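Peer 1: Sequence:
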Amino acid sequence: METAASPTSQTGTAASAAMLPTEWRDFFTLTKPRVMTLVIFTAICGVLAAPGSIHPVLGFTAILAISMGAGGSAALNHWWEADLDAGMKRTMNRPLPGGRMRREDARDFGIFLSGVSIVLMGVAIDWLAAALLLVAVIYYAVIYTMWLKPRTPQNIVIGGGAGAFPPLIGWVAVTGEITAMPVLLFAIIFFWTPPHFWALALFVQSDYAKVGIPMLPVVAGEKVTRRQIWWYTVALAPIAIAPWVIGGTSWIYGMTAATLSALFLLLAWPVGRRSRTDDDKMLPEKKLFKFSIYYLFALFAALVADRVAAYQGWIA
Numbered sequence: 102m103e104t105a106a107s108p109t110s111q112t113g114t115a116a117s118a119a120m121l122p123t124e125w126r127d128f129f130t131l132t133k134p135r136v137m138t139l140v141i142f143t144a145i146c147g148v149l150a151a152p153g154s155i156h157p158v159l160g161f162t163a164i165l166a167i168s169m170g171a172g173g174s175a176a177l178n179h180w181w182e183a184d185l186d187a188g189m190k191r192t193m194n195r196p197l198p199g200g201r202m203r204r205e206d207a208r209d210f211g212i213f214l215s216g217v218s219i220v221l222m223g224v225a226i227d228w229l230a231a232a233l234l235l236v237a238v239i240y241y242a243v244i245y246t247m248w249l250k251p252r253t254p255q256n257i258v259i260g261g262g263a264g265a266f267p268p269l270i271g272w273v274a275v276t277g278e279i280t281a282m283p284v285l286l287f288a289i290i291f292f293w294t295p296p297h298f299w300a301l302a303l304f305v306q307s308d309y310a311k312v313g314i315p316m317l318p319v320v321a322g323e324k325v326t327r328r329q330i331w332w333y334t335v336a337l338a339p340i341a342i343a344p345w346v347i348g349g350t351s352w353i354y355g356m357t358a359a360t361l362s363a364l365f366l367l368l369a370w371p372v373g374r375r376s377r378t379d380d381d382k383m384l385p386e387k388k389l390f391k392f393s394i395y396y397l398f399a400l401f402a403a404l405v406a407d408r409v410a411a412y413q414g415w416i417a
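The sequence shown begins at 102 in the numbering used here and counts up one residue at a time.
Since the hints were made in silico from the structure, they are not lab data.
Keep in mind it's a predicted model, so treat the numbers as computed, not measured.
Ideal Cβ positions, reconstructed from N, Cα and C, are used throughout, including at glycine.
Do not rely on the hints blindly, as some may be mistaken.
Said to hold, decoys possible - Each pair of labels, with its calculated beta carbon distance range:
#1 Met-193 with Thr-360: 22 to 28 angstroms
#2 Lys-324 with Trp-228: 34 to 40 angstroms
#3 Val-224 with Thr-280: 20 to 26 angstroms
#4 Tyr-395 with Glu-205: 36 to 42 angstroms
#5 Met-193 with Ala-336: 18 to 24 angstroms
#6 Ile-279 with Ala-359: 46 to 52 angstroms
#7 Arg-328 with Val-236: 20 to 26 angstroms
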């Protein structure tokens with residue numbers, strides 16, 4: 102007796118039957134270029150803010166290796182979640198659900214990029230940095246994508262560590278050691294990720310519900326999610342200022358971090374206290390999500406500006 106195929110399997114079958122030509126743009130899309138922008142930027146900041154110096158060619162190589170590792174793990178994410186992507190409006194036109202690439206090609210591309218990135222980092226730069234890059238790839242592609250995301254509403258909390266590795270790896274590529282400062286940079290992104298991502302999840306939760314991904318708004322509801330957004334933002338503020346407190350930066354970074362964190366708190370407050378019925382347009386959530394991106398860019402830019410000012414002798 103025949104049974105009806107699931108929507109995702111039907112989509113996959115249709116895509117396979119009408120496979121379109123694969124272009125270089127499709128492979129580029131697998132690396133998640135929008136996310137990659139933040140990865141590259143924070144990695145560069147880690148390299149530039151670290152004490153000591155690195156030859157420009159080696160610095161570029163370190164950033165290239167980090168970028169390739171991030172792109173490879175993103176491609177593996179595309180490979181693993183192809184059926185889920187087919188069921189969500191915002192991802193259904195990606196190369197795999199869109200029928201422009203075979204899943205095996207995405208998998209092999211991800212493995213190739215990841216493997217080359219780790220070897221390149223180890224041979225050209227430092228094996229400690231290479232080990233951290235390996236952990237970052239496994240963290241995102243396996244621990245987050247394959248294990249946490251489909252099983253727990255705390256997926257983005259624990260999985261946030263994957264996106265927190267780039268500045269840590271960049272710092273270690275220069276210094277060859279793990280100290281308090283790069284750990285704090287890791288912690289900043291780790292605690293920034295939940296309020297950033299859950300603000301987005303609040304206004305795209307129907308997509309996650311449709312494909313059975315247990316994101317916090319879907320499983321625990323909006324009220325709990327809003328409260329968690331607020332408390333993670335509260336926790337983030339002192340961590341963001343901590344590099345100044347421990348003497349790792351000057352007042353340039355410290356005052357910037359304090360100001361940005363105060364603005365983050367001001368925008369998170371209405372998100373945390375309101376209910377969905379207050380405003381169906383969800384403007385506070387969208388404002389918080391957009392600001393959270395600018396927040397991280399500005400915070401890490403201030404870190405580099407602080408380092409440049411100290412190097413030039415503009416500050417004591």
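Peer 1: List in ascending order the numbers of the hints, as given earlier, that are violated by the structure.
Peer 2: 1, 2, 5, 6 and 7
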